[in-house]
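One-letter residues, chain by chain:
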Amino acid sequence: MEKGRPMLRWVGILCVSMAVVGFGLNALGGKQGSIEANKVGADLITIDTLTKFGKLDYPVVRFEHDKHTKAVEGKCESCHTVTGNTVTAKFKRQEDTNAAEIKAIYHDNCLKCHNDTTTAGKKSGPGSEQCRTCHAGPAETSRTPIAFDKSLHYRHSSSKMMLPAPGQKENCSKCHAQDKPEARNLSFAENKDQTHEKCMSCHIEVGKALQPSGPLVCAGCHDATVRAGFKKVADVPRLEAGQSDYSLLMATLAKPSSESTLVKPASEPTLVNAVPFNHKLHEDKNENCSVCHHNASTKGVIPCSQCHTSLGKEEGAFITTEQAMHRVTAQTSCVGCHAQAQAKPECAGCHTFMGRTGKNTDASCAKCHVEISAAPELLESKDVRNNTASMLMNVRVKTDPEIKVNEIPEIVEISVLANEYQAGKFPHRKVVQKIMEGMKDNSMAAYFHSDPNAVCSGCHHNSPASVNPPKCVSCHGKVADWQESTKPDLKTAYHQQCIGCHSEMGIQKPAATACADCHAVKQ
Amino acid sequence: MEFMTLHDFMFWTKGMAYIGMGVGLVAFVAFWLFLSERDEDKFADTEEE
Amino acid sequence: MSHHTTPSKTLWTPANILTAVILAIGLILTVKRFTMGLGSVTNLTDDNPWGIWIGFDLLCGVALAAGGYTTSAAVYLFGMKKYHSAVRPAITTAFLGYAFVVFALLYDLGRYYRLPYPLTIYPGPTSFLFEVGLCVALYLTVLAIEFSPALWETLRWKKLRFWAHSLTLVLTIFGVVLSTLHQSSLGGLYLLAPSKLHPLWYSPYLALFFFISSIPAGLSMVIFEGRLSHKFLHHKMDQTHIDEAPGVTLGFAKAAAVVLFTYFNLKWIGVALDNNWHYLSTGWGTWFLVEMLGFVLLPCLMYAVAAREKNQKLAFWASIVTVLGIVLNRLNISLVAFNWQLPTELRYVPSWEEIMITVFIVTLEITVLRICLNKLPILHEHPEFKGAH
Amino acid sequence: MKRRKFIGMLAGAGACMAASTATAGGTHHFTGYPESFGVLFDSTKCIGCRKCEAACNKVNELPAQPVPFDDLTVLDTRRRTHHDTFTVVNKYSVNDKPVYRKQQCNHCLEPACASACFVGAFVKDKTGAVSHDASKCVGCRYCMIACPFEIPTYEYHDPITPRVRKCTMCQPRIEEGKLPGCVEECPKGALVFGRREDLLNIARERIRKHPNVYINHIYGEREMGGTSWVYISGVPFEKIGMREDLGVTAAPELTSGALSLVPAIVGLWPMFLTGAYALTKRREKIAEEEQHHAVAEAVAEAQAEAAKKTKAAMDKAEREKQAAVDREVKKALKEAEEARLKAQTPADPSEQ
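Chains as they are written, first to last, in our numbering: chain P, 1 to 523; chain L, 1 to 49; chain W, 1 to 389; chain G, 1 to 352.
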């Protein structure tokens with residue numbers, strides 16, 4: 001057995017090395033967690049508090065809130081500090097002090113509870129050795145932010161649990177840092193934690209009073225399907241915050257002075273470029289003030305131009321007035337918001353095809369921008385401006401463009417390409433009527449399509465709108481030519497128009513691939 | 001010689017390299033023979049001993 | 001090697017009968033493959049164009065035939081005369097190994113009859129496969145000449161025998177050069193498929209890994225075969241072979257230990273260079289560790305102990321583990337970890353016919369080897385040429 | 001001894017590490033054929049009508065398919081190219097909306113298949129097409145291993161003349177000034193044929209004009225060093241079965257480093273090995289000489305010893321001879337004396 005002993009020694013060493021490697025893996029590995037990101041309900045929270053203290057040595061924690069709420073029988077205090085009726089959003093602490101401390105707080109409390117539960121013989125979460133069961137990296141959840149729309153706001157403000165403080169008539173201060181709407185300070189909370197503390201504390205309190213109260217589980221607010229079930233108040237009274245119905249948006253004007261180029265003596269009236277704006281209308285059309293007055297929740301309601309100056313400044317993230325009004329990708333800009341509206345099926349048929357950047361022609365600018373004489377009083381008094389705006393708005397044509405039905409060709413036979421398929425019979429009038437119908441009593445559509453042939457140019461594009469536009473074939477060649485690769489050939493053009501429009505407008509029949517439904521197969 | 005793609009370039013250069021290798025190997029043997037021709041105890045590519 | 005090659009009067013030993021059966025089936029399948037196409041016998045698909053005929057017959061075949069260049073280099077270049085008796089068996093197995101690799105290749109190639117194309121009329125120098133083809137062809141020739149003396153001796157063609165022998169040195173050097181190149185190039189083949197080969201196995205060092213691992217593979221085969229022939233062909237061996245055998249085994253064991261150790265370290269550097277650590281905690285990682293610890297580190301230590309304690313038996317077992325390890329590695333790269341992202345139903349599993357043909361080829365090789373060892377002066381010196389090398 | 005071999009090996013390894021970083025062209029930079037053609041596929045326009053498949057089948061005179069091309073049920077199963085279908089359209093459901101994706105050879109600017117082929121059967125043509133010459137093909141199927149898009153396919157059923165088959169981008173038609181079959185037949189403009197540069201601009205323009213429709217990525221602009229077919233889509237490409245983890249390294253660059261080592265090895269190994277051999281030889285020689293020397297000395301000593309012995313013997317013999325001579329001389333003298341005395345006595349007694 002002389003030979004055996006050293007052999008054993010070696011095997012021992014091997015085993016140890018294997019063990020070491022095996023142990024090391026837990027620390028090294030774990031990327032596959034993020035490889036398949038599993039989608040879970042609205043209550044799946046990612047605990048990433050430590051990220052603001054620097055690089056993490058483990059992936060962030062996935063935490064299912066509902067599961068834990070259930071485990072502690074809905075006793076918030078078992079995880080959150082509850083003082084009186086206010087609940088702290090943070091776990092077992094008031095504020096984030098430093099990484100080490102927070103880490104300790106989480107590890108000690110989580111693991112302790114898990115261990116206790118296990119020793120109590122109940123099913124429980126992972127212990128100290130299964131790091132990556134909790135540290136599983138970010139996960140995709142179905143959670144979506146809740147938009148506090150007018151209806152919701154009304155239901156809260158009009159709630160009998162929200163009566164104004166004795167001796168006061170307004171109850172804004174129940175939630176907002178203000179007493180009167182005129183204060184126009186919408187600030188509700190600084191951050192997520194504050195928001196949750198405010199909402200939940202109140203919901204709990206009301207709940208304790210055995211009154212119908214707001215949701216306490218994540219899904220209650222953050223699940224789209226649940227929100228869809230919310231009671232909607234049909235006509236919410238306008239929220240009076242001293243705002244004017246009409247306002248005249250103008251580039252900030254220099255005060256009248258000798259060297260001012262903009263304003264000349266009244267003798268020769270100078271024209272300024274202004275946009276009359278119907279504030280009241282937009283209030284109706286939008287969910288709440290914050291849609292346009294974004295950041296209102298923290299900064300209060302302030303004019304756009306305060307942050308978005310003509311040159312841009314830091315408060316406005318260096319977004320100039322021009323961009324703030326016209327950036328098409330922005331939700332809060334005029335053009336962006338109108339573009340959103342074009343995404344509605346009734347509009348998308350034509351507008352998706354036209355693209356979002358639009359045609360920057362004078363005509364399209366003139367839809368909003370008007371040149372008015374910069375009379376001094378206009379510059380001085382706000383009321384004058386507002387009145388001018390209202391006047392300008394009210395002279396605008398907002399009637400649906402009248403197209404005489406009998407002038408619309410009823411059937412257009414498209415035979416120019418007929419080969420393996422017969423000529424297609426295109427129900428032209430039916431299509432136009434369908435489109436018109438989509439724009440019915442929609443003031444925006446009515447205004448922006450007010451030019452009689454505007455609608456036609458949805459299909460008869462790139463040529464001056466007229467009652468009898470040129471034929472498609474006059475631009476689109478019958479045979480494809482790669483040198484014209486930006487311009488589709490005739491067949492492609494037709495199919496793109498018809499099928500594109502149908503799919504955008506969500507018209508199921510005829511299906512895009514049901515060739516014979518539009519043009520019968522030649523026998 | 002004009003090459004449009006890296007592949008063409010490699011096709012040519014690597015081909016050249018292979019030819020070079022062949023020549024090099026043969027040359028090396030010849031050179032070795034030349035080098036060790038006069039050694040009294042032949043280092044040459046004859047069998048040992 | 002077949003297990004009862006004792007000199008039996010009758011040919012009807014179980015081994016021979018088994019061999020005969022396998023060969024018979026093999027021949028039938030051969031006919032099928034060459035008349036009804038690859039598809040008729042293989043499970044190859046458009047997703048998995050290379051099966052075990054490449055993964056095992058080619059990759060493993062070449063790796064395990066590395067004994068030829070390692071041994072001859074050790075003896076002729078590094079002057080380990082005391083291992084001289086190991087050269088001929090090693091060369092023989094290497095020669096047959098390569099011969100049958102090429103033979104197996106004919107089965108796998110769609111147009112086998114065009115095999116000479118790359119080396120003659122249509123060279124494609126950008127391809128590592130061209131590299132492999134060129135070197136294998138040349139090396140096969142080299143081996144043939146190195147092996148031929150055994151033949152000339154039996155035929156007593158003295159002139160040829162001495163001519164062939166006079167080339168020993170240059171052939172050995174060529175052998176090492178060519179082996180280095182095509183052993184590594186086999187790994188180089190997979191450099192082109194980083195998106196298909198699992199990151200743990202893919203590395204810019206692939207070529208280097210294949211070359212280095214081929215050395216212990218070759219040495220292990222020599223040890224392995226040496227021991228077997230010692231057991232079963234004892235009567236064929238002359239005193240020199242019998243006396244030198246232990247020295248060969250232990251010397252090679254030591255060498256193999258060193259190289260395996262290097263290989264083990266380099267593999268980890270490979271992982272480090274691409275920062276693939278996180279994969280180690282996946283299922284693939286476990287499999288990789290099995291290969292690395294169980295089939296590289298373990299045999300390495302076994303060899304080390306064997307060399308330290310002059311324990312031939314252990315060395316023999318180590319050689320088996322090493323050989324298995326090399327086979328595992330080659331199969332991992334060519335089949336297991338290749339196309340790892342494909343859904344299971346699209347992964348490749350060899351058909352029984354493919355396996356059968358592989359078995360057939362291996363059996364054929366062993367049979368030929370047996371005949372050579374029995375009929376040719378390989379395990380013993382030819383009486384008329386004693387000490388003539 | 002082994003150790004030296006091992007050192008040699010490390011040297012080789014060192015060389016590998018050094019050169020594996022070297023790029024093939026050095027300072028050379030290749031931008032592909034100028035004005036080469038390509039096709040832009042716009043997945044937002046594709047309606048999955050399989051007209052392109054039908055056209056491809058027709059212009060390439062491929063065998064008739066079991067399922068007719070107007071049967072769209074096949075779209076529900078995942079399909080790939082085969083020896084008798086150079087292009088397939090697959091349907092993917094992304095957020096419950098069908099998205100279609102056409103699959104065919106992407107005609108890489110630096111084709112992996114060409115770089116893999118050991119008979120140079122693949123050629124990147126100035127038209128942009130990557131063509132395969134079956135008359136050279138040996139059937140090793142390495143191209144299929146190499147292709148990151150899994151495009152080349154094989155006629156496994158053919159025992160004698162199996163071919164590698166793939167989309168040709170209709171190179172012959174292009175040379176006649178016609179469009180590729182699939183592009184010509186596409187009713188929806190999902191396929192646009194043109195100079196690759198123009199196509200990239202069209203793609204960028206569409207993305208710019210429809211920021212809400214497209215994701216901002218032109219697939220094939222840089223993937224695997226760029227492809228002649230480029231793609232834009234409304235959904236992330238990996239959601240429609242296009243791998244986004246291929247990287248932007250052109251295939252030849254993957255092997256050029258290692259390939260450039262081959263000559264290095266051919267150059268270095270003989271040097272190392274003959275060196276090793278020479279050292280071995282020298283060592284043996286020295287050993288030999290030492291042996292000779294030892295033997296010589298031993299012999300010399302033996303001789304000296306022998307010489308001494310003989311000398312001693314001779315001296316002894318000499319001495320004995322001398323002694324014998326002396327003895328004889330003395331004896332003779334003695335006798336002579338006695339004789340003289342005897343003669344004197346008789347003459348002296350009468351006189352008395």
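You may find that some hints are simply not true.
Stated by the list, open to error - Listed next, the in silico DSBU-like pairs over lysine-lysine satisfying Cα-Cα at most 35 Å (straight line):
| no. | chain 1 | residue 1 | chain 2 | residue 2 |
| --- | --- | --- | --- | --- |
| 1 | P | K192 | G | K285 |
| 2 | P | K487 | P | K509 |
| 3 | P | K150 | G | K281 |
| 4 | P | K430 | G | K281 |
| 5 | P | K522 | G | K330 |
| 6 | G | K316 | P | K509 |
| 7 | W | K310 | G | K281 |
| 8 | P | K55 | W | K82 |
| 9 | G | K209 | P | K430 |
| 10 | W | K159 | G | K281 |
| 11 | W | K236 | G | K239 |
| 12 | P | K313 | P | K367 |
| 13 | G | K178 | P | K471 |
| 14 | P | K123 | P | K150 |
| 15 | P | K192 | P | K55 |
| 16 | G | K285 | P | K425 |
| 17 | P | K231 | P | K192 |
| 18 | P | K434 | P | K313 |
| 19 | G | K97 | W | K158 |
| 20 | P | K478 | G | K178 |
| 21 | G | K91 | P | K522 |
| 22 | G | K209 | P | K509 |
| 23 | P | K478 | P | K425 |
| 24 | P | K434 | P | K382 |
| 25 | P | K367 | P | K192 |
| 26 | W | K375 | G | K178 |
| 27 | G | K178 | P | K344 |
| 28 | P | K123 | P | K70 |
| 29 | P | K198 | P | K122 |
Hints in this document: simulated from the structure, not taken from any laboratory.
Since this is a predicted model, take the numbers as computed values, not measurements.
The hints, checked one at a time:
1. K192/P to K285/G: Not OK: K192/P and K285/G at ~87 Å, beyond 35 Å, violated.
2. K487/P to K509/P: holds, 27 Å
3. K150/P to K281/G: violated, 98 Å
4. K430/P to K281/G: violated, 101 Å
5. K522/P to K330/G: Outside the cut-off at roughly 164 Å; violated.
6. K316/G to K509/P: Not satisfied, since the Cα-Cα distance of roughly 143 Å exceeds 35 Å.
7. K310/W to K281/G: holds, 28 Å
8. K55/P to K82/W: violated, 61 Å
9. K209/G to K430/P: Holds: K209/G and K430/P sit about 30 Å apart, inside 35 Å.
10. K159/W to K281/G: holds, 26 Å
11. K236/W to K239/G: violated, 67 Å
12. K313/P to K367/P: holds, 28 Å
13. K178/G to K471/P: Given pair K178/G, K471/P holds - Cα atoms ~26 Å apart, limit 35 Å.
14. K123/P to K150/P: violated, 44 Å
15. K192/P to K55/P: holds, 22 Å
16. K285/G to K425/P: Measuring from Cα to Cα gives roughly 103 Å; hence the hint is violated.
17. K231/P to K192/P: Holds. K231/P to K192/P sits at ~25 Å (cutoff 35 Å).
18. K434/P to K313/P: The hint is violated at about 47 Å.
19. K97/G to K158/W: Violated, because 82 Å separates the two Cα atoms, which is more than 35 Å.
20. K478/P to K178/G: Roughly 14 Å separates the two Cα atoms, so the pair holds.
21. K91/G to K522/P: holds, 29 Å
22. K209/G to K509/P: Since the Cα atoms of K209/G and K509/P sit roughly 28 Å apart, the hinted pair holds (cutoff 35 Å).
23. K478/P to K425/P: holds, 19 Å
24. K434/P to K382/P: violated, 44 Å
25. K367/P to K192/P: violated, 40 Å
26. K375/W to K178/G: Judged against 35 Å, a Cα distance of about 69 Å means the pair is violated.
27. K178/G to K344/P: Between K178/G and K344/P the Cα gap is close to 40 Å, so the pair fails against 35 Å, i.e. violated.
28. K123/P to K70/P: This hinted pair holds, its Cα atoms lying about 13 Å apart.
29. K198/P to K122/P: holds, 34 Å
Consistency with the previously given hints fails for numbers 1, 3, 4, 5, 6, 8, 11, 14, 16, 18, 19, 24, 25, 26 and 27, ordered from lowest to highest.
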